[in-house]
Each structure stands twice: as structure tokens, then as C-alpha cells.
Amino acid sequence: MNIDLLIKMTNEIGDFFAGTAQPEEAARAVANHLKRYWEPRMRAQMLAYYEQRQGAGLSDLARSAVALLAAGASGPAAGAPLPAGPGSGAPPQGTKA
Amino acid sequence: MYAIDYEDFGTPAPVNGAATVTVEVDGRPVTVPDGTSVMRAAALAGVKVPKLCATDTLKAFGSCRLCLVEIEGRKGYPASCTTTVAAGMKIRTQSDKLLQLRRGVIDLYVSDHPLECASCPAQGHCELEDMAAAVGITGSSYTGGAMHRPMPKDESNPYFAFDPQLCIVCSRCVRACDEIQGTFALTIQGRGFGSKVAASQDQPFLDSECVSCGACIESCPTGALTEKSIIGLGQPERALDTTCAYCGVGCGFKAEVRGEGADVEVVRMTPDRAGKANHGHACIKGRFAWGYATHSDRVLKPMIRETIRDEWREVSWEEAIGYAASEIRRVQTKYGRDSVGGITSSRCTNEETFLVQKLVRAAFGNNNVDTCARVCHSPTGYGLKNTLGESAGTQAFDSVMNADVVMIIGANPTDGHPVFASQLKRRLRQGAKLIIADPREIALVRTPHIEADEHLQLKPGTNVALLNALAHVVVTEGLAREAYVAERCEPDSYAKWKAFVAEPRNSPEESESITGVPAERVRRAARLYARAGNGAIYYGLGVTEHSQGTTAVMGIANLAMATGNLGREGVGVSPLRGQNNVQGSCDMGSFPHEFSAYRHVSDPVVRGSFEEVWGVKLQAEPGLRIPNMFEAALDGTFKGMYVQGEDFVQSDPNTHHVSAAMASLEICIVQDLFLNEVAKFAHVFLPGSSFLEKDGTFTNAERRTSRVRKIIEPLAGYQDWEITCLLSEALGYPMRYGHAGEILEEIARLTPTFAGMSFEKIDRLGSVQWPCNDAAPEGTPTMHVGQFVRGKGKFWPTEYVPTSERVTSRFPLILTTGRILTQYNVGAQTRRTRNVIWHAEDVLEIHPHDAEMRGISDGDWVGLTSRAGETVLRAKVSEKIAPGVVYTTFHFPETNANVVTTENSDWATNCPEYKVTAVEVVLVNQKEAWQKRAEAERAAPLPARKRKPDRAPA
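Protein chains in written order, with my numbering: chain Y, 1 to 97; chain U, 98 to 1051.
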């Protein structure tokens, strides 16, 4: 995904929570928001970016939040297997190769 | 004329009739509320008093003199409509003298209105015909006198005709326009024999101020005002109850039909007087604009194609479903489980929406499901949940009748929610005060008999600054209801918020340079609202569709809590939802992070309950939101999509970006009525069903769940929920229901706020507002009574953060977008009706100053350019918009305003920032290249498909 957009989104989430609490608590709120509302591959991309670029472009609060996320979470990869249960039935006829 | 199964009691029930009195009508005792008219009391006793100018939707008028009665102990023959009951009153409705008087009246009426009923469109439904029969008049004894004939018909309006020859000048239409609709477009012009009904300045209806709500037609006792569908098709034979498929008011309707089986056709739609959202009123869209359902553009056969450049190929349902399922599985096998997703629709029923998210979560195996509420009211869900505890409006529409001050923020009810607007106008005419916060001078700022007490004409994008300024006045001038807050809200959060808004930087004076609203006006508005007694806030997309949309919703909730304006009738925070089932689609678990009733997917108990019923393991991580899906598509990790009833290629921002994402998909399955803009990127087209062709429920903006009933058989063979079931079955996850009611049973089983819902209960009660459960078995009109759903209300500091979208020398104007009365959303429905007579294209409103600076005159083609794209449309020079701001609608793909809107979005929900785009406007002489290409595509022959002729006037 477009990392610049993810950075912008994270900073804007930070802008809101910055006004609601002290920095440490606000960082936890931002991290929690990312955990609750961002799909794992978005978080994974942000975490990868954070590791590679030390969160350049992120506000201090956003960077702290991503650091918290990096310390405690990582989502499953996008290419996980098909679900177990009835939904994993064999593809119907006519499936493309 | 009235709905075919409606009983008219002559005058309305008294408003405050708590005490009762007993009277005798023709010897029959009847006990009625004090203040009841003699006519109504008689009707309640089962005695019909002859009448013509009276009807129970309008105040008594007393002009026709047909309803005269005798009252023991009183002189003369009082009109029963304008005489109220008194204890012990003995009323006689029939006597030789009364008959003589009535015959005289009818004799005069028919002298100018001969009983030539066989040729009249109202035949069998004409009150004059009925009254003449009741008094035994078959013709007039007067001959040779003047008559109102020949007078030309006014057939200018596409939906109804006015035949003055059939008019008895009873004033019912004029009164309906005044009292019900509140437009005051009609009048009785002239005096005596020269009296006649006139629209505006005696203009054709089409050119007048008439908004085509149809209230006049419905109140007309003769055939003078008649729907053209009745003139064309004849009188309906029976009526079936259903719910409108347009805006979030969710009006109850009677679909009046004729024919049997597959030949059933709708003759007209009449608003249901028992409808609790609309009380018998309607707007042009709901009452008239339903012809799209049988429009020749409907696609009625499934189609597939290998690539989006190929021609469509009609196939059987079996082949289409099989191909769609196999492609979904192929993509998942190649790119992973999470590479596909689905979109639910606010135009589909709760049951259909529930099934689509079930399909995605259970059969696709991920949480990549989202809904169009993403781009309208997702901030409402987040904002109200985190402040009050529930993602919904707090009131019933009727609550407004107890409001003392109404504040409308970023909404245009007369255009977007016209039936609620009529109710609101009634309350305002009774004396309630009005505050409007809007960059535009919307109609309610000044309309007949109504003028806003304060119009806070703020700059687009500054809602939060304005709300903070209003709150500043409340807390610094001692207007907060401290006892209410202390009892009902979190003290720490209140203290923190109070200190925040009290800071001088949030004062109206400091904010003036940001909002553009004079400080004193803000102070007056804040005092008015806080001291209201009952202050009610209504808001729309002008609040949510901003980078700080969620913050603004929280700011509204803060303001309401601080002033004690929550938890009772007449107050509240009410989001005006754009589409009919926005509330319902959100309730049903359409968002990627939550199940029905707004419960997060990570909650193991909640997830377990669904896993148990659905028999499949569900994911605990949130899925992709719509804009995330586009990003992932461009990234190559999202490759397949199932879209039910949405057209985000037209409705979502930054069209070129969306189009590029859609073009990258390997499988796109579109289920819709028409080949819309998103279908251009589809590989499978599954023909859907209109609201007339399905069973289910809609939930409106006041949490009211109402039945949608199948009026005609699905034209393409299946209701939408059945199609989802077919697809799921083909995916190896059978979902089998015998009827939509069984889906609601499953919803009730899994959704606490819907636990007590069933088709049976809704049928019995008419409609039910959730929460509906053991604690509130018949529903909940007002929320947060006694305490907030979350326990204690939570205040949030709402720091104003300017949008990153700024005017520059290159883009010096701000574009804001909205809707108009006659068109709906992307226009897929209304563009296929005669509503195009009023609005055939989107235009750009520009202030005279900005127009003159650019050499632009009214009607010129102008180029509208932003950093995202360019389009060309006509200019409309207007003082309704402030200098520096331009405005347009997004109803037509030919001009597609969303080509220029950007990727900016709300921080919490990614709801797009439609309301603020930096643009430039220039005079041009040709359209943009993409518009020319689109025009060429539209001019090309349609793909081979079976077309049906229009079955009803479009």
C-alpha cells in the first residue's frame, strides 16, 4: 500500500489523540486504534517501514505508537490459507487454472 | 384522492386531548378526547357526516357547508368540522332540513361540476360523486349559468395533471401544501366565481415553487389533481404496505397495484398514514420516482466476460454463479485468503446486507467487508459509540415536535430528507427557534413563514472550530447543566473537556478568523441552544465528510451532554442518514472490524457466538475498508470483489484512482439493477431486484425497522438475498433460508439490539425501533433515558486540526459537494425517472464575485480542476454560496464531481473529505478527454441483452 498515505493516516490519528491525553497514554490510544481498525497487512507495512526507516515522516506521537505496536504485535500475512470448515469446499467446476 | 383502503375521520385528532367527553351522535353514545370535532366524534361513532372540504390530515376549514348538523339546545346548523364536542352534547346528523341544506349545496357544486363521472380519472374515488349520491343528487337543477369550462389542463408536471374543470375550490390542496408540506406554493386566486387554484404566481405547476410532494393530489376530493399513472393505467385494485427505498427517513408507503401474479403492476405509491416515520407524507422521490424499477435499462439476465474489455455474454444463472464462485476461489488460491472481499449496500435490506457480510466472513474466510456508510456516516458510528455508547441517533423523528431550539449542522433537510423537513417546518411554524451551521444558504435559512434565528455560515472544513467555540460559550458563561453532567457523565472526562474548551484560543473571537463566523453570532447561537429547554441537534454529511468528521461528531455529543440535551423527547443528537438503510447496513455488521450491533471481531465471546451458529472459524483481525481495498488492489494483494448494490466508482472520491484500482482486479462480481459505473470493471453481472421485488426490512435514521414487501415478482428471477445464497452455496458454504424472515430470525439470535425483532412483530406493530429486546420488547423511541448506553457519558477534547487540503494560488477556491431534492445519490435510480426534468445535469454553483473574476456567466461551461483531476460542467452563478466556495452535486456520471475530490479522509474511519477540495474554475469551450471517451462509450450499442419495455411511466 501507499506508505505515504499510511504515514498521513497515522499522523492524523495521532493529531486527535494528542489532544486527549498525556503523550504516553495518547501513544497507547493510537496504537490501539491501529490494532482495532487497521487490517493486518496495513499494520505489517507500517511496522516494516518503521523498522527500515525508523518511522521517518511520523510525528513523535505516531512514532511512539508504532513503536508500541512493534514491541507487541504483528498481524498474519495476507497470503494465509483458505478457511477451514464448510467454506473450504473444493472450487466448483469451471475453475480457471 | 386518498389511498384506496383509507378511512377518513374528517378532522385530525386533538393534540392535547387527555380528558374525554361523552356525546351522543344520532342516538349512539361515544366517548372522545376533549377538543375532538363533532365530525370526528361522529366518525368514531360510526356515523359518516357528509363533507367535502374536510379531511383528517388538515385542520378544519368550514367552507363547504355540507357537514352541517343539528345540536340539541343550539340554534342553527353548525358545521360539524369546526364545532368541538362538549360533554353531554346530543348531535343529529340526519334530518329533512339537513338533507335539504345539503342538497342545495351539492346542487350548486354540480351546476359547475357536472356528474360526468364515466370519463373522470377519479371514477369511483371521487368524494363529490359520493356526496351527490348520499344526498340523492344526480344532476343540477340550475341550467344555463356560467361554468368553469372549457379551461385548459395543466399537464406540465410529469407526474400529475391539474384539471381546473374538475376543481371545486375546496382549498384542500392549498392547505395541504401549507400545513403538510410547508411550501406554500398554492393559493386560491380571485374571488367568488372567479376563484381558482393557482400555483405560485398563476404559473404552470412545473415552473412554480411546487416541489411535487404530492400532498395536494392526495388531499384532492375530486379528479382535479390526479397522478398521470392513474390516468394512464386506471385505478388500482388493492394496496400493499412497504417502505420507501430512497433517503434515511424511511417513509411507509402503500404500493397500490392492479393485476394478478406475474402481471401485477404498480399504479401509484401513496404514503402510509400509519407510517410512524412519515405520517402519511411523502416527497417527489418516494411518491413518484419509482419508474426506474421497470426501466428498459434494467439488466435481467446474468452476464459474464473474461476481461473488462470484452463484450458481455448472457449466460444462465447457474453458469454465472458457478463462474463467479470459481473465480473467487481461483484468486484466493493464487493470492491468498485475504485477496478478496465484498461490499454491502445501504440500498439493500438488512437481511441482504447481513448475508453479504456473512458470505465474506464465513465463505470467503476473511473480514474484508465494508459498506457505503464508509463514505457517509462512518464517523457517526465511531463518534457516538465513544461518547454516548451507541452508534445511532438518539431520537424518533417525532421528537422534533417537542424541541424548543433546533440546530442543523451540515445538513439540508428540505433536499436530502424532505419529509422530515416538512415535520421540522411545522414545529418551526409553531415557534421553535432555528440555528443553521452551513457554508451554504440552504433553503431553511429563509423559507415561507420560517427564518433561521442564526445562520452560522462557516468556511468549509471548520466545523470542529465552530463546535469548540459554541462549547466555549456554554462553559464560560455558566450555561452548562452541571447537575445533569455530574449525574450522568464521567467527571474526569468532563473536567478535562471543560478546561480544554474554556481556553481562550477556543473562544468565538479567536475562532472567527478560522470559521469566518462573527463571534457575536456564535455567542448568540450558543446561548440560544443552551437555554433552549429542549435543544435538538440534527446533522448530516456536512459534519461527517471531513478529515475531522469523527471529531465533529464527538463535539456535537459533547455539546449535547454538557447542556443536558440527551435522554428525553425534544432533544438529542440525530444524524440524518443519506440512504434508506445506512443505519441498518451498519447495524448488520458491514464494517470490517465488527459484527452486528457494533461488536469488535476480536471479542472471542462475540466471535464464538457467530462461529457456533455459522459453523465456521472466523477471523479475529479487522478486514480492509473500501479505500484500503483500493490501495491493496493497486498494491497487487487484493484481486477480487463482490459488490451488491453499490456504485463506488461514481460515489467515492478520486475517481481516477478508484478506476485504476478496479481495473487491476481479476474478478469483480457486480449485483445490481443497471450496468452502472462499477459494472464497467465487472467480470460477472448478477441482475438484482428493486425494493418492489423483495421481502425484508430497512432501518431508518431513527433506528426504525420497517418491512419491505415483495409487491411484484423479481424481474430477473431472484431476490438479492437469494442470489447471495446461490453464490455462497457455489463457494461450498450453503446458506439456506426459506424466506427473508428466517434471516431476520438469525439476526435476532446473534444481535442483542435486534433480539426481539421478527417479521411477525414488525407486521403487528407496523415498525420497531431498536434496541428491541426483553428490556424493550416493543422497541426504543428515545435512547439514553436515565443513563447513557455506555454507562457514563464520555467527553472528548476535540482539538481543531485544519485539513491538509488548503487553497493555493493554483487552486484558490474550495469545492464542497451535496445533493438536491429530485436526484438521489449517484442517480442510478432517479436519472431513470422523469425527475431529470428538474435536474438534468450537475452544475457548479459559484458566487457572482468569483464568477466575474473569471469571466464566467450563468450557463457557461467551466472546467473544475483539483490536484486529483478535472471535469467540465455548467456554471450556475448564485449568491447562496459564499465567495471563495463553489458547490456541486454528484448525481451524474457525465460530469462526475468525484473526479476532482481527493484521497483525504477522516482520521478515525477513512470517510472521505468530500466537503473540502481546493479547486480552480476556468471558462472552457470543451469537455475533458475522459468525458468525451465516456460519451462515446455511452453512445455505443449496449451489450447484447434482453431489454424489457417500460411498464410504468418513468
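Do not rely on the hints blindly, as some may be mistaken.
Output of the computed footprint for chain U on chain Y, the stretches with three or more beta carbons under 8 angstroms from beta carbons of chain U [said to hold, decoys possible]:
#1 40-46
#2 55-63
One side of the interface only, derived from the structure: several residues of chain Y facing chain U at Cβ under 8 angstroms [to be verified]:
#3 2
#4 4
#5 5
#6 37
Taking lysine to aspartate or glutamate and the DMTMM-like style, the derived pairs with C-alpha atoms no more than 25 angstroms apart in a straight line are [unchecked claim]:
#7 U:889 <-> Y:25
#8 U:530 <-> U:584
#9 U:595 <-> Y:4
#10 U:482 <-> Y:25
#11 U:595 <-> Y:24
#12 Y:8 <-> U:896
#13 U:293 <-> U:252
#14 U:482 <-> Y:51
#15 U:858 <-> U:362
#16 U:777 <-> U:362
#17 U:482 <-> U:362
#18 U:482 <-> Y:15
#19 Y:35 <-> U:1000
#20 U:593 <-> Y:51
#21 U:595 <-> Y:15
#22 Y:8 <-> U:131
#23 Y:35 <-> U:942
#24 U:593 <-> Y:4
#25 U:556 <-> Y:60
#26 U:398 <-> U:360
#27 Y:35 <-> U:708
#28 U:172 <-> U:123
#29 Y:35 <-> U:252
#30 U:593 <-> Y:15
#31 Y:35 <-> U:700
#32 U:593 <-> Y:60
#33 Y:8 <-> U:732
Simulated from the structure, these hints should not be mistaken for laboratory data. Just so you know, these numbers come straight off a predicted model, no measurement behind them. Where is the CB? At the ideal position from N, CA and C, for every residue including glycine.
So, going through the hints one by one against the coordinates:
{"no.": "1", "hint": "40-46", "in the structure": "holds (count 3)"}
{"no.": "2", "hint": "55-63", "in the structure": "violated (count 0)"}
{"no.": "3", "hint": "2", "in the structure": "holds (6 angstroms)"}
{"no.": "4", "hint": "4", "in the structure": "violated (10 angstroms)"}
{"no.": "5", "hint": "5", "in the structure": "holds (7 angstroms)"}
{"no.": "6", "hint": "37", "in the structure": "holds (6 angstroms)"}
{"no.": "7", "hint": "U:889 <-> Y:25", "in the structure": "holds (21 angstroms)"}
{"no.": "8", "hint": "U:530 <-> U:584", "in the structure": "violated (28 angstroms)"}
{"no.": "9", "hint": "U:595 <-> Y:4", "in the structure": "violated (35 angstroms)"}
{"no.": "10", "hint": "U:482 <-> Y:25", "in the structure": "holds (20 angstroms)"}
{"no.": "11", "hint": "U:595 <-> Y:24", "in the structure": "holds (22 angstroms)"}
{"no.": "12", "hint": "Y:8 <-> U:896", "in the structure": "holds (17 angstroms)"}
{"no.": "13", "hint": "U:293 <-> U:252", "in the structure": "holds (16 angstroms)"}
{"no.": "14", "hint": "U:482 <-> Y:51", "in the structure": "violated (34 angstroms)"}
{"no.": "15", "hint": "U:858 <-> U:362", "in the structure": "violated (28 angstroms)"}
{"no.": "16", "hint": "U:777 <-> U:362", "in the structure": "violated (31 angstroms)"}
{"no.": "17", "hint": "U:482 <-> U:362", "in the structure": "violated (43 angstroms)"}
{"no.": "18", "hint": "U:482 <-> Y:15", "in the structure": "holds (20 angstroms)"}
{"no.": "19", "hint": "Y:35 <-> U:1000", "in the structure": "holds (22 angstroms)"}
{"no.": "20", "hint": "U:593 <-> Y:51", "in the structure": "violated (35 angstroms)"}
{"no.": "21", "hint": "U:595 <-> Y:15", "in the structure": "holds (19 angstroms)"}
{"no.": "22", "hint": "Y:8 <-> U:131", "in the structure": "violated (64 angstroms)"}
{"no.": "23", "hint": "Y:35 <-> U:942", "in the structure": "violated (42 angstroms)"}
{"no.": "24", "hint": "U:593 <-> Y:4", "in the structure": "violated (33 angstroms)"}
{"no.": "25", "hint": "U:556 <-> Y:60", "in the structure": "violated (30 angstroms)"}
{"no.": "26", "hint": "U:398 <-> U:360", "in the structure": "holds (19 angstroms)"}
{"no.": "27", "hint": "Y:35 <-> U:708", "in the structure": "holds (22 angstroms)"}
{"no.": "28", "hint": "U:172 <-> U:123", "in the structure": "holds (17 angstroms)"}
{"no.": "29", "hint": "Y:35 <-> U:252", "in the structure": "violated (60 angstroms)"}
{"no.": "30", "hint": "U:593 <-> Y:15", "in the structure": "holds (17 angstroms)"}
{"no.": "31", "hint": "Y:35 <-> U:700", "in the structure": "holds (13 angstroms)"}
{"no.": "32", "hint": "U:593 <-> Y:60", "in the structure": "holds (23 angstroms)"}
{"no.": "33", "hint": "Y:8 <-> U:732", "in the structure": "holds (18 angstroms)"}
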